[in-house]
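Visitor: Residues per chain, in single letters:
Number of protein chains: 2
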Amino acid sequence: MPPLGLLHMRAWASLFSRLLRPPGVVCIREVHFHSQVSEAVLTSQLKPQHEKSNFIIKTPKGTRDLSPQQMVVREKILDMVIGCFKRHGAKRLDTPAFELKEMLTEKYGEDSGLIYDLKDQGGELLSLRYDLTVPFARYLAMNKVKKMKRYHVGKVWRRESPTIVQGRYREFCQCDFDIAGQFDPMIPDAECLKIMCEILSGLQLGDFLIKVNDRRILDGMLAVCGVPESKFHAICSSIDKLDKISWNDVRHEMVAKKGLAPEVADRIGDYIQCHGGVSLVEEMFQDSRLSQNKQAIEGLGDLKLLFEYLTLFGIAEKISFDLSLARGLDYYTGVIYEAVLLQTPAQAEESLNTSGQKIRTTETQVFVATPQKNFLHERLKLISELWDAGIKAELLYKNNPKLLTQLHYCEHTGIPLAVIIGEQELKEGVIKLRSVASREEVAIKRENLVAEIQKRLSES
Amino acid sequence: MPPLGLLHMRAWASLFSRLLRPPGVVCIREVHFHSQVSEAVLTSQLKPQHEKSNFIIKTPKGTRDLSPQQMVVREKILDMVIGCFKRHGAKRLDTPAFELKEMLTEKYGEDSGLIYDLKDQGGELLSLRYDLTVPFARYLAMNKVKKMKRYHVGKVWRRESPTIVQGRYREFCQCDFDIAGQFDPMIPDAECLKIMCEILSGLQLGDFLIKVNDRRILDGMLAVCGVPESKFHAICSSIDKLDKISWNDVRHEMVAKKGLAPEVADRIGDYIQCHGGVSLVEEMFQDSRLSQNKQAIEGLGDLKLLFEYLTLFGIAEKISFDLSLARGLDYYTGVIYEAVLLQTPAQAEESLNTSGQKIRTTETQVFVATPQKNFLHERLKLISELWDAGIKAELLYKNNPKLLTQLHYCEHTGIPLAVIIGEQELKEGVIKLRSVASREEVAIKRENLVAEIQKRLSES
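Chains as they are written, first to last, in this note's numbering: chain A, 1 to 460; chain S, 1 to 460.
Simulated from the structure, these hints should not be mistaken for laboratory data. For each residue, glycine too, the CB sits at the ideal point set by N, CA and C. Among the hints, a few may not be true.
Quick look at which bits of chain S chain A covers, simulated, 3 or more residues with Cβ under 8 Å [what the hints assert, rightly or not]:
id	segment
1	58-66
2	81-89
3	236-246
4	261-271
5	379-386
6	394-406
7	426-435
Label-pair ranges, simulated between beta-carbon atoms [what the hints assert, rightly or not]:
id	chain 1	residue 1	chain 2	residue 2	range
8	A	424	S	435	54 to 60 Å
9	A	298	S	423	31 to 37 Å
10	S	437	A	424	55 to 61 Å
Just chain A, same shape as in the assembly (with noise of 0.2 Å):
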């Protein structure tokens, strides 16, 4: 059971880093380059070259670039999540990348030594943001906005060792939405359950479990098991790693390295091996030790209240109350949840990739073709009212080329549809409309070119 490490809505950018290849490092000798800019850019990069033979070209540790196949698939699953937030009545906002140093200082806990920090170039001490949330808090403080439903798409960096942490990436992205003000308890929780359950539908990874728990049930079962306040820090994030690591592991971490009692965290490990629906919360209720505890009371009333609501959603089915369930960050309060693939990695991703067809990177639907010499500004005039009708043309970049060159990029970048003018066509003001996989050809008055291919790409 692979975990998704979810803070909100972050289930895909988890995701994503599983889609994507590990960095790439490639090691450049000889470049030939033609475009003005790409020339002009690598002839400087190039001259050290002699001097340092070892000189590599690649994206930083821990980062990689999205080629269009990549893209590709990115953009559907951002148009699929956005579209979801978009239902729920969001609005989208954006912040900088950075933020003034001190802004993140204190928020992350042990975290904060994976904090990106700009080199001191005089001016303010900054830092690239870590998560979308404190910049969010930054935004509600700095406007004096009490009360905001917002999503927020964008990047963050984190100097997490990428050989320790298998499959993390040090720049991803992240998709937040986040309901900020004072409500009636549990209903803006229960939506965005159900919106996480929506997009992981839509996703079509495979089935899923959202893990929920609440922190004052974790601070009050710590307090019931005998664990001094002063350590429920450091054990929450032992707790935390146990799906990562087994229990004898964290068992071993809480005892040793953190000096709790042996019995204490046997207690503990009763508690956090247990999960189930509503009806473990009802039974944590009638738990002797936990039912002693003010603050696990509350946290249970407000995950029962919660239960109520998924069951309305019908997405009670999709819970599970998990004890283990931990979540690293200082600043959780209340309800926390994290979703769970209930199959492997390798399978979702497979899943995503056979469920189309070869993936295309443009959407072009007309090439503009000729089988002669010296027309190309026939084939400028043409495209250019192609393009100016909305229609997504390309032609090749020459001015005589062999028109099986032509075909033939129609067929490997998969565009439908090829228009074909000549010499006969010119005189005889048609132009030949070409169905690029069935090869079937039409001649089709000039004037009614742009209506009749409109017409064919609506029927597909």
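Dock chain S against the given chain A, drawing on the hints supplied.
Guide: Just chain S now, kept in the frame of chain A:
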């Protein structure tokens, strides 16, 4: 005539900074927050405030948040721009926000001091990207790609001094469209200019002009005017300022600061005050001095061909051959271009603001309301049905909101439809569907509600 700093398709980056407000500084003394996350985040933020009373919550100098209203404008613009890029068959690419520091070294001439470096926290030395061009060149080199038509939309960072360079932000978004590869001359360049025209027309910012020149003409002109080759670079950067300061000031800089003989400066002045259409190209071919320079003749030949293609695209009258156009960056070697608006930015901004109605920041189509107490469960069931049918819907997160509050929310946020459920409706198996604008209400059978809503939405 306000200049738009353009690098290929970057007109809109500059447009943005005009459309949007300057960076805000708000000093918060007291903040009340209610969402779990915001509260926790701000608690730690507010702690030091008691000690340092001048603590300020703000975005870093030269950066800004984009509010929901601004995001609606930005997304409209981006949709238009990206739609155009797709119409021309471009693939989308993404690269990391930072690059190896040495990758950016020696690429930007005088502007290199504006690059943001990351702090050395161990490992590679990194810098935030300064544009999207160098990352594209790095991508091509790294993947040994020789031919690619790609677009890239993303933020770039420059340590400009906003007080000196009016209206420029330190973080802004660029939209790049590039055609890399070796092709027959001027066909891709003509398409780039066509794209600029389509985008600037599409943005409806009023009349515009695109200045074109060629680095070879520029260099040839400097040579025949008597500028020593060692000073080409410095003189180009002076010429580049002609859209910001007067010719007299530029001339003064050339003579006093850059050591040019006054008569050489005057000869340059004669040329760089020339601008016109293809007839000016012809005229320069006949120019007694310029026609002696091989480089200039090559550039003029290409411009002539370019104008031929621009005429076929129907955009020749939008293009002005302008010998003062220099473009600062080192990596240009051939044709260069830049767009200018022919009205003031204030007018352009106005036309964008008044063209539409009041800007809605959400797309919510239906609001779920009740006139009665204790109807939360029914509202939740109903809204869940709407969401599952793909309808954008909202409700208030309150157990017992007042009907007036609910209807007011619809009017305030521009939601066109409200569905109302109460005791009576529940008994009769109907829902009231209300048009928020006309306040007309009809009762509709519960089972027909989704279909009726979809019908109404498709009609509006």
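Visitor: Evaluate each hint against the coordinates.
Guide: Comparing the hints with the structure gives:
no.	hint	verdict
1	58-66	holds (count 8)
2	81-89	holds (count 4)
3	236-246	violated (count 0)
4	261-271	violated (count 0)
5	379-386	holds (count 3)
6	394-406	holds (count 4)
7	426-435	violated (count 0)
8	A:424 with S:435: 54 to 60 Å	58 Å, holds
9	A:298 with S:423: 31 to 37 Å	33 Å, holds
10	S:437 with A:424: 55 to 61 Å	58 Å, holds
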